[in-house]
Amino acid sequence: MTTNISSNGGSTVRIDVNGTHYRELNGLIREAVADGAQRIDLHDVHGQRYIATNLRTEAEIHIHGTPGNDLGAFLDGSRLIVHGNAQDGCGNTMNEGEIIVHGHAGDITGLSARGGRIFVREDVGYRAAIHMKEYEEKRPALVIGGTAQDFLGEYMAGGIVVALGLTLNGENCHKASFVGTGMHGGVIYLRGHINEHQLGKDVGVSKLTRKDRTILRDLVTQFAAHFGYDAEEILASRFIKLVPLHLRPYGRLYTC
Amino acid sequence: MKTYLPPRFVIDRYAERCIACQVCVRQCSFDAHAYDGEDDEIRSYEKNCVGCHRCSVFCPTQALNIRLNPLSYRPNVNWQPEFIEDIIRQSEGGGVLLTGMGNDKPYRVYWDHLLLNASQVTNPSIDPLREPMELKTFLGRKPDRVELDPASLSLKTQLAPQVAIDVPVLFSAMSYGAINLNVQESLARAATEAGTLFNVGEGGLHQTLYKYANNAIVQVASGRFGVHPEYLDVARFIEIKIGQGAKPGIGGHLPGGKVSEDVAETRMIPAGTDALSPAPQHDIYSIEDLAQLIYALKEATNYTKPVCVKIAAVHNSAAIASGMVRAGADIIALDGLRGSTGAAPKMIRDNVGIPIELAIASVDTRLREEGIRNQASIIAAGGFRNSADVVKAIALGADAVYIGTAALIALGCTVCQQCPTGKCAWGIATTDPILSKRVNPDIGARRVVNLLRGWSLEIKEMLGGMGINALESLRGNRLHLRGVDLTDGELDVLGVRLAGR
Chain A
1 MTTNISSNGG STVRIDVNGT HYRELNGLIR EAVADGAQRI DLHDVHGQRY
51 IATNLRTEAE IHIHGTPGND LGAFLDGSRL IVHGNAQDGC GNTMNEGEII
101 VHGHAGDITG LSARGGRIFV REDVGYRAAI HMKEYEEKRP ALVIGGTAQD
151 FLGEYMAGGI VVALGLTLNG ENCHKASFVG TGMHGGVIYL RGHINEHQLG
201 KDVGVSKLTR KDRTILRDLV TQFAAHFGYD AEEILASRFI KLVPLHLRPY
251 GRLYTC
Chain B
1 MKTYLPPRFV IDRYAERCIA CQVCVRQCSF DAHAYDGEDD EIRSYEKNCV
51 GCHRCSVFCP TQALNIRLNP LSYRPNVNWQ PEFIEDIIRQ SEGGGVLLTG
101 MGNDKPYRVY WDHLLLNASQ VTNPSIDPLR EPMELKTFLG RKPDRVELDP
151 ASLSLKTQLA PQVAIDVPVL FSAMSYGAIN LNVQESLARA ATEAGTLFNV
201 GEGGLHQTLY KYANNAIVQV ASGRFGVHPE YLDVARFIEI KIGQGAKPGI
251 GGHLPGGKVS EDVAETRMIP AGTDALSPAP QHDIYSIEDL AQLIYALKEA
301 TNYTKPVCVK IAAVHNSAAI ASGMVRAGAD IIALDGLRGS TGAAPKMIRD
351 NVGIPIELAI ASVDTRLREE GIRNQASIIA AGGFRNSADV VKAIALGADA
401 VYIGTAALIA LGCTVCQQCP TGKCAWGIAT TDPILSKRVN PDIGARRVVN
451 LLRGWSLEIK EMLGGMGINA LESLRGNRLH LRGVDLTDGE LDVLGVRLAG
501 R
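Which chain is which? The protein sequence lines are A and B, in order. Everything in the first sequence is counted per the working numbering, starting at 1 for the first residue and increasing by one. Everything in the second sequence is counted per the working numbering, starting at 1 for the first residue and increasing by one.
Think of the hints as simulated: they come from the structure by calculation, not from any bench. Be careful, since some hints might not be right.
To be verified - Straight line, CA to CA, 25 Å or less: simulated SDA-like cross-link-like pairs of lysine to any residue:
hint	chain 1	residue 1	chain 2	residue 2
1	B	2	A	207
2	A	211	B	304
3	B	142	A	22
4	B	211	B	488
5	B	142	B	124
6	B	437	B	479
7	B	142	A	24
8	B	47	B	304
9	B	136	B	213
10	B	423	B	5
11	B	437	B	447
12	A	207	A	228
13	A	138	B	233
14	A	241	A	150
15	A	138	B	142
16	A	201	B	156
17	A	201	B	213
18	A	201	B	278
19	B	423	A	250
20	B	2	A	241
21	A	138	B	265
22	B	423	A	247
23	B	105	B	488
24	B	136	B	437
25	A	241	B	249
26	B	156	A	21
27	B	105	A	253
28	B	156	B	270
29	B	142	A	23
30	A	201	B	47
31	B	47	A	253
32	B	2	B	95
33	B	156	A	24
Said to hold, decoys possible - Here chain B is said to cover these stretches of chain A; the calculated rule only asks that three of the stretch's residues, wherever they fall, bring their Cβ under 8 Å from a Cβ of chain B:
hint	segment
34	49-58
35	134-144
36	167-175
37	239-251
Here a beta-carbon is modelled for each residue, glycine too, at the ideal position from N, C-alpha and C.
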């Protein structure tokens with residue numbers, strides 16, 4: 001097991017990860033950041049967890065291979081670019097920064113995110129964007145190129161989810177059920193079709209306003225730029241907007 | 001709908017003492033007193049009285065007495081008044097019965113059946129007034145063995161991060177939202193002064209409390225409110241909240257009414273929305289997943305501080321605790337059946353979980369049997385009333401205890417169980433800005449520090465009486481306990497002999 005670190009003497013560092021334990025790897029990343037690295041390339045990543053967690057830097061980290069669970073947990077400003085698939089818990093409780101996945105992402109992508117942006121070129125697993133939050137200008141966004149498994153946006157308290165359905169074929173219908181169960185904040189934009197029975201009981205369908213279109217255009221343009229799509233072509237399709245029916249879904253649950 | 005509930009309390013107003021000054025009217029946040037200007041008289045609305053005694057304490061002429069309504073139903077062993085009235089409440093409200101504070105049912109309080117030892121003749125007792133006594137406690141993972149460098153006699157073993165506290169009593173998790181900032185600040189200042197820690201609960205750490213962060217335990221719970229890198233960085237240690245003694249297995253809902261602008265900013269959710277903490281943490285469905293979050297937090301803080309995992313004491317606590325320790329928890333917190341809360345469904349609070357005494361004993365025994373007791377400290381919680389309970393808990397195997405209710409009582413709480421209404425007349429379990437002013441952090445901190453000082457002195461007295469001069473020597477030393485009025489099965493779980501044996 002060897003870890004090869006090479007630097008061009010400037011601001012780019014390359015780390016050949018191989019079998020390096022995540023603790024050591026994160027140490028190396030922190031060291032590189034402390035030395036002023038602006039770009040770090042991780043090669044041969046094989047499931048190491050917690051890559052770049054709580055890294056206070058605006059450095060760009062390119063991940064080649066498959067990062068493990070909790071990629072960018074508590075992320076605070078870095079930009080992570082995964083050239084491959086991400087596993088579960090990608091962007092867990094992230095605060096600031098950007099995660100761009102050139103492939104799929106697993107379950108609970110963007111769990112409890114409070115800020116920052118996640119772009120996934122293809123699909124995400126179960127319970128993506130669960131309990132995302134927002135506060136004033138701090139508004140996290142998860143943009144999914146394809147579709148999601150069940151419980152997308154469960155318990156959402158804020159933030160923006162976009163699922164573009166680009167991996168759907170035929171009927172162009174999303175497969176997820178229980179979308180937005182317990183949702184009491186935030187918004188989900190879906191391109192493609194979804195049946196009413198697939199929605200959580202706390203979710204309503206509404207029309208996109210001009211403000212929604214501005215938000216969508218901004219996110220889809222960024223998505224298209226990351227992955228080489230034509231934003232206008234995507235935006236030309238019909239979108240559905242899902243919003244919570246109540247800010248207090250369980251307000252009538254109790255007797256004092 | 002007319003309520004069929006009879007008043008629970010009677011307000012005795014002594015006319016010869018009452019000067020109609022209206023202090024009671026202003027103090028009561030439940031509208032049990034009202035001034036009638038026409039007759040220049042104070043009237044009582046007893047159906048609104050919750051028995052919190054705010055009015056009688058503040059009445060300048062002692063003109064008020066609040067007592068239980070003696071109104072009796074026809075005696076019936078099965079249909080106790082509480083069950084009748086619960087049904088009335090539900091038939092009028094149609095919801096889950098909500099209550100506050102800890103389990104008030106007559107389950108056995110084992111502390112009252114455990115007795116401490118004292119030295120007589122064969123070994124001397126120690127007088128703590130003249131001899132040094134050590135209460136200092138180190139929380140965190142201890143190594144299996146320590147290695148010294150023979151030349152320099154310095155420690156070669158790399159120690160895991162430890163947190164030292166001067167008194168083995170910490171303040172339980174109480175979130176901003178459930179209680180107000182003045183209460184949190186009182187506890188924060190008391191903790192700082194007394195050399196212990198306060199737990200911010202899951203509502204985040206308000207900006208004004210960052211200066212006390214070195215004495216703060218921050219929670220990462222299922223709602224993940226207010227969790228961000230700085231919050232993790234500044235804390236003394238981090239607690240992953242899996243469960244709570246008052247409501248094992250369920251989440252929490254801070255009603256939108258309590259989510260003020262300031263609470264919203266600390267939790268980072270829009271004001272007025274319900275703050276929902278789901279029942280499970282959605283990234284934890286197994287011990288392996290727990291390990292993943294523990295190490296996520298350790299990675300995020302670069303292994304500089306212990307990570308604690310808190311669970312409610314339930315049937316399989318011992319096995320679960322073993323898994324928690326193996327998952328990497330440096331501290332485990334056990335919250336027992338009588339653990340308190342700002343709001344819980346009554347059926348859950350009163351019927352789910354196991355007593356903390358049995359949980360401490362079974363967890364400590366299990367971890368010892370597996371040879372991993374040193375790998376985690378144990379903090380016990382759930383209804384600790386006085387220093388004797390603390391000493392008994394430590395003798396049973398705990399490293400320290402959490403107190404919540406006891407600290408709030410020091411601030412004025414009378415355990416009237418109205419916390420979920422948000423109308424606390426003592427200004428504790430409310431975020432109402434006017435009511436919140438009733439707790440002054442200067443006075444609050446002083447009252448809580450006084451309490452801890454009293455308990456510390458008492459703990460030293462009890463230790464000295466047993467001939468022990470360091471709390472460390474009592475930890476898990478169950479030979480210093482004897483049971484009275486307990487069955488063989490109970491003694492067996494507690495690992496304690498019957499008094500006289």
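Worksheet item: Against which earlier hints does the structure fall short, listed by number upward?
Response: 1, 2, 4, 5, 6, 8, 12, 15, 16, 17, 20, 24, 25, 28, 30, 36
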